[in-house]
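Asker: Okay, here's what each chain looks like letter by letter:
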Amino acid sequence: MMFYELNDQQKAFRERVRQIYEKIVRPIIDEYERKESFPTFLFRRFGEEHLLCLRCPKEYGGPGLDKISECISMEELNRIGAGIGAGVMVHGGLATDPILRFGSEELKQTYLPPAVRGEKIGAFALTEPNAGSDASSLRTLALRVEGGYRLNGSKTFITNGTICDFVTVAAYTHPEKRGTGINLFVVNREDQGFSVIKKLRKLGNHTADTAELAFDDCFVPKERMIGEQECGGLGQLEETLKSGRITYGARSTGVAQAAFEATLSYVKEVKRQGERLQKSQAIRFVLAEMAMFIEVMRYTTYRGAWLFDRGLATMKDASVVKLFCTETLQKIVMKAVEIQKEAGLRMDNPIQRYFRDARLFKIPEGTSEIQHLIISRELGI
Amino acid sequence: MEFELSEEQKDIQKAAEEFARGEFDPDLALELDQKGIFPERMWRKATQLGFIGIHYPEEVGGQGLGLLENTLVIEAFCRVDSGIGSALSLADLGSDLILKFGSKNQMERFLPPIIKGEKQLTVAFGEMEDDQDLSVVSTMAERREKDYLVRGLKRYVLNVSLADMFIILCKESEEQWLPLIVEKDGEKTEIYPVEKMGLRMISSGDLHLRGVQVPHENRLGEKGQEMEVFQYYHRVKSLRFLAQALGLMEGAFELALKYSNQREQFGRRLSQFQVIKHKLAEMQVGIEVSRCLTYRAAVELEKREMDPNLLFVAQIEVGRKMAWVVDEALQIFGGYGYMAEEGIERFYRDAWTIRSQLGTEEELRDLLSERKLGKRG
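Protein chains in written order, with my numbering: chain A, 1069 to 1449; chain W, 963 to 1339.
Honestly, the hints are just simulated from the structure, not real lab data.
List of simulated lysine-lysine pairs, DSSO-like, C-alpha gap at most 27 Å:
no. : chain 1 : residue 1 : chain 2 : residue 2
1   : W       : K1146     : W       : K1007
2   : W       : K1220     : A       : K1266
3   : W       : K1081     : W       : K1066
4   : A       : K1339     : W       : K1133
5   : W       : K1078     : W       : K1007
6   : W       : K972      : W       : K1078
7   : W       : K997      : W       : K1081
8   : W       : K1081     : W       : K1062
9   : W       : K1007     : W       : K997
10  : W       : K1062     : W       : K1108
11  : W       : K1081     : W       : K1146
12  : A       : K1267     : W       : K1220
13  : W       : K1066     : W       : K1146
14  : A       : K1103     : W       : K997
15  : W       : K1066     : W       : K1265
16  : W       : K972      : W       : K1265
17  : A       : K1399     : W       : K1239
18  : A       : K1384     : W       : K1239
19  : W       : K1146     : W       : K1185
20  : W       : K1108     : W       : K1081
21  : A       : K1347     : A       : K1399
22  : W       : K972      : W       : K1062
23  : A       : K1176     : A       : K1126
24  : W       : K1265     : W       : K1062
25  : W       : K1334     : A       : K1347
26  : W       : K997      : A       : K1267
27  : W       : K1334     : A       : K1339
28  : W       : K1185     : W       : K1066
29  : W       : K1078     : W       : K1146
30  : W       : K997      : A       : K1266
Turn these sequences into a full structure, and let the hints steer you where they fit.
Answerer: Here it is in structure tokens:
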């Protein structure tokens, strides 16, 4: 059986999430973009609507949906606000995925139900000042002590950093085993030795809360290590990132869709040299190409999600989704902003926001260069 | 055909760069950009040192040099900081029109205060985001005995907040265009700045002309020269933005080069990876091509007759190259590139703001093909 079309349930889900995001997020996005802060009350609102941690099964309070549904939801949310999309994606993906998939029953019971309800906000801390693309060069250490571990190190570019209640942290339990000696731990906000150093300002995704974190002799009981084996973190990280990279396809499609819709209405409305822009053949070709790209982005993402749902997705599949969609998105937003000339750069015109937001996507969860490396490696060359 | 800068030109280049490196503080630039403040102190210093108006004749206080020299100064400024450099290069936008079409009286009245750093000048032709589009211009000037009474709305006016003088294009009648130099006049020249994504140190926004009185002697150029004024403005404006684009590209390249030599991942410096080396190589291709096109445009524009196609080609290609260079430069910085503190994200925003002034590829291709094929081609 091959994937061709969303089933009725997935189609109905799309309708529902679109309406909810239009109703709840659209009216507040500009205000929070300006303030450069995440509207934290949204977590509870989304929780009420069962729109957080979509793949979390019913036994932990989640809706137990598939990856395709998660992608649908992410596309629709990013279509309105990528910064908010970032926070929700990290919460329902990177932060809680390792707990859901590799955590003990106790960890699941403790962290998943409040995360699903949006009462506790999750973050994910892998990147460090000196470990970006090269995750194996992490310096954060988890030293084994009685009853648990002591974490020392610093993390950067952490989404939900200042607003999180818990953070899933990658650290070396065995630094002598480069790359493989890593484990994931769940750190609570109130844990001694954990602190948020500063919030970071950035080009786009202004609603996303991005921060630097520090762990200073932060004690974490052994029950909060994810998985039972020391050195088991690398595989967990890879599985988590595989899922996240597919989500980036959905994020990209959402922002592309927003930019496309804005461009379409602009060319219908605006006259240049006395003639409607939509009459220009060159502009019509540009719009046609945008429409084509978005179609391919969306179905490439669905294919990745479909494979993921069946346990068939390889890292190459995920990297293909991320690389293709994030790079293609740039072409769309660049053309969209160019067409509107100076009007496109006004801060009250969302097209420049889509443009700034989109630029991020080529960087996190493996830059475009890293995706090339992964794909080429899997080609056996 | 000579293809090298003279010793004097190289000295100017060096002096401008030294000035910029000494004066343009990156932390201050970050703050000015964020708050949208014009770099006033640096502008005054640049005027005192003769960098502003370097191509004005000596009679009005300039250095008597040409458009290429002005291009070199803008390029050097923007290489050090795209935001400050662009702001300084736009504070006298329109002076080229007074230089070319102005009467002796106008030159003596309007140019010396600019050179001295006392006043700023800008151009307000457009009435929508496409300032090439004359079909939308509805600003009218009513001719009276001693003056014109002007009413209208000019939009996307650069430096709208600080300009003391605006060169506008309006209509005296349905058929008669009229370029005028309008001096700021309280509520009769009301301004509404609009916040924008890049080049935030230079304002942009609406200029409401609410019955402002403009003396007859403020008409710019002879009767019959109106379209020449309009075209020449687009040429000199494009040249300034090309110079900014060129400098910005060089600056972004330098930042990326430096970072790639410092940053280590996988036990190697980024600059040791082939893919990064090639990105840096391709950036040099973009810069060299852009420099050739920009300098040539400056030299040609200095001449009386120029083939405007040369400018359109430059606008398309430099815009494209700049977009590519600044994008790859940001990418080399990875996550840091996206953060405000590193500065490259500002270059990124500025680049696309400069690009919007160079025009869309589609309209430039229209203009290019029109000249070869005719309008109905």
